[in-house]
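Chains as they are written, first to last, in my numbering: chain X, 75 to 477; chain U, 75 to 477.
Take these hints with a grain of salt, some might be off.
Since copy identity is lost for identical chains, a pair holds within one copy or between any two.
As the list claims (entries may be wrong) - When the alpha-carbon atoms are kept at most 20 Å apart in a straight line, the in silico EDC-like pairs for lysine to aspartate or glutamate are as follows: (1) Lys380 with Glu232; (2) Lys380 with Asp80; (3) Lys380 with Glu212; (4) Lys282 with Asp336; (5) Lys265 with Glu299; (6) Lys224 with Glu211; (7) Lys249 with Glu406; (8) Lys245 with Glu317; (9) Lys282 with Asp454; (10) Lys245 with Glu130; (11) Lys415 with Glu213; (12) Lys101 with Asp134; (13) Lys245 with Asp359.
No wet-lab data here; the hints were simulated from the structure.
Number of protein chains: 2
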Amino acid sequence: MLALHDTSNAEAFLADLHALRQIGAFKTGVHRPTYTPQDMESRRWIMERMREAGLEPTMDGIGNILGRGSSTGPRLLAGSHIESQNEAGWLDGALGVVAAVHLAKAGLPVDPIVFADEEGHYGGFVGSRSFTGLLPEEEIDRLTNRFHGKPLRDALREAGLEGLPRMQLEKGRYKGFVEMHIEQGRDLENKGLRVGVVTGIVAIWQWKIVITGQQNHAGTTTMAERRDAGLTAVRLLSMIDQEFPRHCAERTVWTTGRITLDPGGQSIIPGRAEILFQFRDIDIDVLNRLEAVLRRCIQESNRREKCPAVLERMSAATPALCDPTIQRCLAEAAEQFAPGKWQQMPSGAGHDAQYMAPHMPSAMLFTPSINGISHHWSEDTSDEDLMLGFQVLAEGARRFLAA
Amino acid sequence: MLALHDTSNAEAFLADLHALRQIGAFKTGVHRPTYTPQDMESRRWIMERMREAGLEPTMDGIGNILGRGSSTGPRLLAGSHIESQNEAGWLDGALGVVAAVHLAKAGLPVDPIVFADEEGHYGGFVGSRSFTGLLPEEEIDRLTNRFHGKPLRDALREAGLEGLPRMQLEKGRYKGFVEMHIEQGRDLENKGLRVGVVTGIVAIWQWKIVITGQQNHAGTTTMAERRDAGLTAVRLLSMIDQEFPRHCAERTVWTTGRITLDPGGQSIIPGRAEILFQFRDIDIDVLNRLEAVLRRCIQESNRREKCPAVLERMSAATPALCDPTIQRCLAEAAEQFAPGKWQQMPSGAGHDAQYMAPHMPSAMLFTPSINGISHHWSEDTSDEDLMLGFQVLAEGARRFLAA
Numbered sequence: 075m076l077a078l079h080d081t082s083n084a085e086a087f088l089a090d091l092h093a094l095r096q097i098g099a100f101k102t103g104v105h106r107p108t109y110t111p112q113d114m115e116s117r118r119w120i121m122e123r124m125r126e127a128g129l130e131p132t133m134d135g136i137g138n139i140l141g142r143g144s145s146t147g148p149r150l151l152a153g154s155h156i157e158s159q160n161e162a163g164w165l166d167g168a169l170g171v172v173a174a175v176h177l178a179k180a181g182l183p184v185d186p187i188v189f190a191d192e193e194g195h196y197g198g199f200v201g202s203r204s205f206t207g208l209l210p211e212e213e214i215d216r217l218t219n220r221f222h223g224k225p226l227r228d229a230l231r232e233a234g235l236e237g238l239p240r241m242q243l244e245k246g247r248y249k250g251f252v253e254m255h256i257e258q259g260r261d262l263e264n265k266g267l268r269v270g271v272v273t274g275i276v277a278i279w280q281w282k283i284v285i286t287g288q289q290n291h292a293g294t295t296t297m298a299e300r301r302d303a304g305l306t307a308v309r310l311l312s313m314i315d316q317e318f319p320r321h322c323a324e325r326t327v328w329t330t331g332r333i334t335l336d337p338g339g340q341s342i343i344p345g346r347a348e349i350l351f352q353f354r355d356i357d358i359d360v361l362n363r364l365e366a367v368l369r370r371c372i373q374e375s376n377r378r379e380k381c382p383a384v385l386e387r388m389s390a391a392t393p394a395l396c397d398p399t400i401q402r403c404l405a406e407a408a409e410q411f412a413p414g415k416w417q418q419m420p421s422g423a424g425h426d427a428q429y430m431a432p433h434m435p436s437a438m439l440f441t442p443s444i445n446g447i448s449h450h451w452s453e454d455t456s457d458e459d460l461m462l463g464f465q466v467l468a469e470g471a472r473r474f475l476a477a
Numbered sequence: 075m076l077a078l079h080d081t082s083n084a085e086a087f088l089a090d091l092h093a094l095r096q097i098g099a100f101k102t103g104v105h106r107p108t109y110t111p112q113d114m115e116s117r118r119w120i121m122e123r124m125r126e127a128g129l130e131p132t133m134d135g136i137g138n139i140l141g142r143g144s145s146t147g148p149r150l151l152a153g154s155h156i157e158s159q160n161e162a163g164w165l166d167g168a169l170g171v172v173a174a175v176h177l178a179k180a181g182l183p184v185d186p187i188v189f190a191d192e193e194g195h196y197g198g199f200v201g202s203r204s205f206t207g208l209l210p211e212e213e214i215d216r217l218t219n220r221f222h223g224k225p226l227r228d229a230l231r232e233a234g235l236e237g238l239p240r241m242q243l244e245k246g247r248y249k250g251f252v253e254m255h256i257e258q259g260r261d262l263e264n265k266g267l268r269v270g271v272v273t274g275i276v277a278i279w280q281w282k283i284v285i286t287g288q289q290n291h292a293g294t295t296t297m298a299e300r301r302d303a304g305l306t307a308v309r310l311l312s313m314i315d316q317e318f319p320r321h322c323a324e325r326t327v328w329t330t331g332r333i334t335l336d337p338g339g340q341s342i343i344p345g346r347a348e349i350l351f352q353f354r355d356i357d358i359d360v361l362n363r364l365e366a367v368l369r370r371c372i373q374e375s376n377r378r379e380k381c382p383a384v385l386e387r388m389s390a391a392t393p394a395l396c397d398p399t400i401q402r403c404l405a406e407a408a409e410q411f412a413p414g415k416w417q418q419m420p421s422g423a424g425h426d427a428q429y430m431a432p433h434m435p436s437a438m439l440f441t442p443s444i445n446g447i448s449h450h451w452s453e454d455t456s457d458e459d460l461m462l463g464f465q466v467l468a469e470g471a472r473r474f475l476a477a
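The whole structure should be built from the sequences, with the hints applied where relevant.
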C-alpha cells in the first residue's frame, strides 16, 4: 500500500471520478435519476470499486450501499449519494462517494456509504433517513416520483431491490462521519479559496403568508375603497426587505420564491395573495430572532393595512452543527495543504450529513463550484481543486482517527 | 300616447326589465352568454318590444339589433348590450337596452340599438365595433370563445346569423347617442346619491414589466451575490405605490393584477419577474403624466438594482369624453327629478358608448349599484332608482333633442 499522501492516491480518486462520469453521461454532466438503469449501473460500479478497496459491499432494500471494512480500531463512516438531479452535474454526490471509497483504498479505516435519493426524486434524503430509522414502511408505500408519479414501490421492484432488508446504522461502530461535496455557491471562488471546512448545515424555516383582500373591478373601484391583497403583499415584502438586514447574521439568507395574486387578471383587484417565504441560518438563536422579526412585520402590516395577513409555518428544521474536533482536524489539514486558501463556512444547502449529525460527530468538506453552478449539467470543479480536496479530506480523517 | 313624464312610462319600463330578467334566469341574476339560446331568445324578445313601440327592428349578421323609427326631425340613438357575463347580473346591459326601447315607446324620436358581445365572450365590443367599421371579416374568422374556444363563425351559424349583412352606422341620422347603465362601483351609494351623469369613459393604459435576474439556489447564494428578480419587482412596485399618489388625479386608479416569479419554487431565487400593471384616467394629460412617472420609476429601479426592468406597453386607449351639451341636459334633468341627489362622475369601466363617441355626441347615465357589486348574479339596483334613472334619461333626451 502507498503512503497516505502519495499523489497517486489522489490521481486514482480523480480517475475513478471521471470514470463514473461516463455512466449516464449528459453533455458534460450526468443524468442518473434515482433507481433508473443509469443509477443502478452506477451503484453496481461503485460496489466493484469497494471490492477493489478490500471492502465488503452490501446494497439494501432502499438502494443504500455500505462497504464494510474489517480492520479493528477507530473507524469512520464516509459518503454521500450517487444519483443526480435530471440532466445535472457530474460531481454533486458522486464526489463524496468516490472520495470515501478512495479513503479506504488509501489505507484509512473508513466504511464508504452511498445514500439513495438524497436528490428527492421520490422523497428527499430517502437513504439517509432509512439508515437512521426515519423512513417508516408506510412512507415508502406512499411516496411517488415527483416528475412522473411512479410509486416508489414500483421503482424499487424494477430496480431489483424489493424484499431486501434495509440496513440500519450500527451504533458504536463509527467515531464519526465525513462527507465531501461541492459548495454549490460561489463564495470560495469569489474569495480565491480552494477548500471550505463546513461549520454546519443551515436550517430552512419555510413560511406561507396568506393575505385576504376583496376581489373587485380595477376600473370602477376607487383607490380609497379598495382592499388590494397584492398591494398589501408588496408593502409587507418591502417591510421585510427593510427589517431583515437589521437582524440577520453574516450568512443568513432569506428568499421569496413565489407570489401568487388571485385571480391574477390584468383588470381585477387581487382578492387574495399568497407568498412563499423562507430564511436560513446555522444559528438557532438567529432563526428565532428572525421569526420574531417576521411576526412583528406581519403584526405591523395588520395594523396598517385593510387586508389581514396570516402567517403559516410550513417547516422549521434544526441546524446541524459540524463536530468541532473533526472541523479542527480538517482545518489543520487544509492549512497544511492549502495554506491561506481555505475558510470555515456554513452549508446553505441540505446534505446527507445532517441526518448523521444527531448520531455521531459529523463534518463536511467543500470544494469550489466554478461560477457557483449547481443542479445543471455545466456544474464543475477543477481537477486540481478536486485532488487538493481529497488530500485535505484524507489528512483530516487521519488526524481525527488519531485524535 | 301618454305624456312623457307620466309615471306609467317608468312603470312599464320597469315591468319589461323584470320580464327580461326571466330569460336565462340564474339565482337573482341571469346567464345569457353571447349567441347562446338564452341570448338569442332575449334578442327576439326585445325585437318584439320594439315592434310594440312602433319601431321596425332588424337583427344583423353579428347579432346587433336596430329598431328604426319613422318620425322626421332630430333623432337619438340609444342602447347598450343584452348578453351577460356568465352567471351575472340582470341589469348590466339590459338596463340600457330596455330604457332605450321605452324612450321610443314614451314618444321620443329614439332608435334603440342592441350591441352584440360587449361582454367579450368572443372579442369584446364586437357589436359596437362592427357597427362603426372596426371589425374586419378576418377578425371574425379568428375570434373564438374565451371560455370554451368555439369559433365565432360557428356560434354565428348556430345562432342563425350566418350570411346576414352587417349594419353600419348611418352617418347624419342621429343627433347623439345615450346609454344608461349601472355604475358597477359604490361611489353613488357611498355618497347617498341616486343618479350619475357620466363625464367620460376612462382610458386603460396597460403595461407589462419584465425584470431579469439570475435563477439560483436559495441556500448557497449569499445575499450579496444574488440577482433576485422578485425582490426588484417588490421594490419597484413599492416605489410606484409611493410615487403615484403624488401625481394622480382625483379619480385615477392603478392596479397590479398579476406578479409572476419564475420558476416559482420555494427554494429558488427568482430569475425572472413579470408584472401586469395598469392605470386609468379620463384625462389624457393625467395619463401622459403617469406614464412619465412610471418610466422614471423604471429608470430609477435600473439605477439602483442589479436586475434590469423593461417596460412594455400592452395597450393605451384614448379616453372617450361625453358630450358637454348632453351632459348639461342630463344634469338639468337630474336636478329636476332628484335635486341634490346626483353627481357628475367618470366611468371606470368600458362601455359601447366609447365606440359611438368618435362619431356623434354621446353620453351616459349611471344608476347606483347596491354594494357596488358587478359581474355577479347578486348585482342589483332598487326599483325606485331604476325608475328615477329612466325619468332623468327621458327628460335629458327631450331637452337635448330640443336644444
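Hints versus structure:
In this assembly of identical chains, lysine 380 and glutamate 232 lie within 20 Å of each other by CA distance neither inside one copy nor across copies; the values are 55 Å within and 48 Å between. Within a single copy, lysine 380 and aspartate 80 get their C-alpha atoms no closer than 70 Å, and across copies no closer than 47 Å, so neither meets the 20 Å cut-off. When the C-alpha separation of lysine 380 and glutamate 212 is checked against a cutoff of 20 Å, the pair qualifies neither within a copy, at 45 Å, nor between copies, at 47 Å. Taking the closest pair of Cα atoms, lysine 282 and aspartate 336 come within 20 Å of each other both inside a single copy (15 Å) and across two copies (18 Å).
Proximity of lysine 265 and glutamate 299 under a CA criterion of 20 Å is satisfied inter-copy only: 12 Å between copies versus 53 Å inside one chain copy. With identical chains, the CA atoms of lysine 224 and glutamate 211 are at most 20 Å apart within one copy only, with a shortest distance of 17 Å there and 50 Å across copies. For a Cα distance limit of 20 Å, the shortest separation of lysine 249 from glutamate 406 inside one copy, 19 Å, qualifies, whereas the shortest one across copies, 95 Å, does not. Within a single copy, lysine 245 and glutamate 317 get their C-alpha atoms no closer than 45 Å, and across copies no closer than 64 Å, so neither meets the 20 Å cut-off.
For a Cα distance limit of 20 Å, the shortest separation of lysine 282 from aspartate 454 qualifies neither inside one copy, at 34 Å, nor across copies, at 37 Å. Only within a single protomer do lysine 245 and glutamate 130 lie at most 20 Å apart by alpha-carbon distance; the minimum there is 19 Å, versus 96 Å between protomers. When the C-alpha separation of lysine 415 and glutamate 213 is checked against a cutoff of 20 Å, the pair qualifies neither within a copy, at 44 Å, nor between copies, at 67 Å. In the homo-oligomer, the alpha carbons of lysine 101 and aspartate 134 never lie at most 20 Å apart, since the shortest distance is 31 Å inside one protomer and 62 Å across protomers.
Taking the closest pair of Cα atoms, lysine 245 and aspartate 359 never come within 20 Å of each other, the shortest separation being 31 Å inside a single copy and 78 Å across copies.
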